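Need the complex rebuilt from these two chains, each delivered in its own frame; the hints are there to steer you.
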Amino acid sequence: MPMLLRLRGIDRNGQRFTLWLPLFLVYLILFPLLLVLLPFVLLAALILWPFRMACLVIQAYVTIFRLLGCLSGLQIDIESENGGFFIKLK
Amino acid sequence: MSEERKKILEMVSEGKISAEEAERLLSAISKDGEPDSGTAKREPKYLRVMVEPRPGSSNPDKVNIRVPLKLIRAGLKLAALIPKSAQSQVNEALHEKGIELDFSQIKPEDLDNIVRQLDDLTVDVEGKESVRIFCE
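From first to last, the protein sequence lines are chains A and B. Its first residue numbered 0, the first sequence is counted upward by one per residue in numbering that gives the first Met the number 0. Its first residue numbered 0, the second sequence is counted upward by one per residue in numbering that gives the first Met the number 0.
If you're looking for bench data, these hints aren't it; they were derived computationally from the structure. Here the structure is a predicted model, which is why all the values come from computation and not from measurement. There could be a bad hint or two in this list.
Cross-link-like lysine to any residue pairs, in silico, SDA-like; alpha carbons within 20 angstroms at most [said to hold, decoys possible]:
| hint | chain 1 | residue 1 | chain 2 | residue 2 |
| --- | --- | --- | --- | --- |
| 1 | B | Lys44 | B | Glu108 |
| 2 | B | Lys61 | A | Glu78 |
| 3 | B | Lys5 | A | Asp76 |
| 4 | A | Lys89 | A | Asp76 |
| 5 | B | Lys83 | B | Leu46 |
| 6 | B | Lys44 | A | Ser71 |
| 7 | B | Lys76 | A | Ile63 |
| 8 | A | Lys89 | A | Gln74 |
| 9 | A | Lys89 | B | Leu46 |
| 10 | B | Lys83 | A | Phe50 |
| 11 | A | Lys89 | A | Ser79 |
| 12 | B | Lys44 | A | Met2 |
| 13 | B | Lys44 | A | Glu78 |
| 14 | B | Lys44 | B | Lys83 |
| 15 | A | Lys89 | B | Lys5 |
| 16 | B | Lys69 | A | Glu78 |
| 17 | A | Lys87 | B | Leu68 |
| 18 | B | Lys127 | B | Lys44 |
| 19 | B | Lys61 | A | Leu6 |
| 20 | B | Lys76 | B | Val114 |
| 21 | B | Lys76 | A | Glu78 |
| 22 | A | Lys87 | B | Leu70 |
| 23 | B | Lys5 | B | Phe133 |
| 24 | B | Lys69 | A | Phe50 |
| 25 | B | Lys127 | A | Ile63 |
| 26 | B | Lys61 | A | Pro1 |
| 27 | A | Lys87 | B | Val48 |
| 28 | A | Lys87 | B | Met49 |
The following block holds chain B by itself, in its conformation from the complex (with noise of 0.2 angstroms):
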């Protein structure tokens, strides 16, 4: 969901706007070049990570970080230099945390694809404050 939608359905949630004004809001965005959801998919180029207070609450501080797709690709090659002898201290680690990974058989061809399911991913955490994480 694109910012402009998001602020019009707040606006509408908020009781700003009425859902007729909201409507036409909304048709006016995607004549202005959002696609249709009818229309193929765009494919993102960002991950958007937005914290987020909830109404009322005491915390005020907010997260909001876009990176590029392309950044994130361009890293895990990078991470895929990391030597083998240091690949084990990695698995060590990781395994310390809990997690069964062996970085050592990590493929380039595989992180290819790991950047290209992030294209999927919606997260939506509601706590003490909102945690979004989505492909854009």
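Chain A with its partners taken away, still in its complex shape (with noise of 0.2 angstroms):
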């Protein structure tokens, strides 16, 4: 899972910002906000049995926990002549 977020900007007049965001803050809020959808998403997976969509809705949220575990590495480099933009997740 990422613990650390850097984010780079550079506008068109060589001007940038760095920020270093300490994931572990952001999942301080996060983590108990998807505690609290969890009986919410629990509701829906009863509403849905009729439907066989249950194992959807409880997949779908499994996932969200999933694909934040995956982040870990990913790395985006975007310059152009109007500027520059670099997003790193560590």
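Structure follows, in structure tokens:
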């Protein structure tokens, strides 16, 4: 799971900003939010049970965690004459 | 090919270093933990997409994207969650683009196979820009 987000931007005048964001601070907000969401997900799964879509709802919820866990190492670096953008998760 | 190896070869092609110096640098990289060509193949972790302007090109746009293969696997699994009703719409959209692919026929094990085959993928396109897609 990525713990640090590095963001860098450069505008066309060459002015740049760099942001280091410790993601565990984001997780401190995100995980309680996902926990609060859990009863609603289970409720939605119960409602959708007759339509055979309960499994989909639960799998989608689990996939959020899976995707978060797989983001580590993602790097996007784009440069153009109008500026640039760099994002790295580690 | 690793970034270091690529840089060394670029320096040779630009005449910045001699072939002997390049050989020494390459062997130093190998000693630093890079597997030799004779050893077992290292499992790639990332899909890399690089778009660079050709030398002398007026377009300075550059793109360098590194996507973890784990993320691609997870994303494909997410795609498998698309309901059947929506899958037919996806199939129609693909058909309109000339891609004859039945989305509903793709199973999770097929997705794993697709990602595994990506390991050997290398695409080099030389046009106005140089586009490279590979796994590392």
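Here is what the structure says about each hint:
no., hint, result
1, B:Lys44 / B:Glu108, "holds (19 angstroms)"
2, B:Lys61 / A:Glu78, "holds (5 angstroms)"
3, B:Lys5 / A:Asp76, "holds (18 angstroms)"
4, A:Lys89 / A:Asp76, "holds (15 angstroms)"
5, B:Lys83 / B:Leu46, "violated (29 angstroms)"
6, B:Lys44 / A:Ser71, "holds (11 angstroms)"
7, B:Lys76 / A:Ile63, "holds (11 angstroms)"
8, A:Lys89 / A:Gln74, "holds (9 angstroms)"
9, A:Lys89 / B:Leu46, "holds (16 angstroms)"
10, B:Lys83 / A:Phe50, "holds (12 angstroms)"
11, A:Lys89 / A:Ser79, "violated (24 angstroms)"
12, B:Lys44 / A:Met2, "holds (18 angstroms)"
13, B:Lys44 / A:Glu78, "violated (24 angstroms)"
14, B:Lys44 / B:Lys83, "violated (31 angstroms)"
15, A:Lys89 / B:Lys5, "violated (23 angstroms)"
16, B:Lys69 / A:Glu78, "violated (26 angstroms)"
17, A:Lys87 / B:Leu68, "holds (15 angstroms)"
18, B:Lys127 / B:Lys44, "violated (29 angstroms)"
19, B:Lys61 / A:Leu6, "holds (17 angstroms)"
20, B:Lys76 / B:Val114, "holds (11 angstroms)"
21, B:Lys76 / A:Glu78, "violated (31 angstroms)"
22, A:Lys87 / B:Leu70, "holds (14 angstroms)"
23, B:Lys5 / B:Phe133, "holds (13 angstroms)"
24, B:Lys69 / A:Phe50, "violated (31 angstroms)"
25, B:Lys127 / A:Ile63, "violated (39 angstroms)"
26, B:Lys61 / A:Pro1, "violated (25 angstroms)"
27, A:Lys87 / B:Val48, "holds (15 angstroms)"
28, A:Lys87 / B:Met49, "holds (15 angstroms)"
Hint compliance for this structure: hints 5, 11, 13, 14, 15, 16, 18, 21, 24, 25, 26 are not met, and every other hint is.
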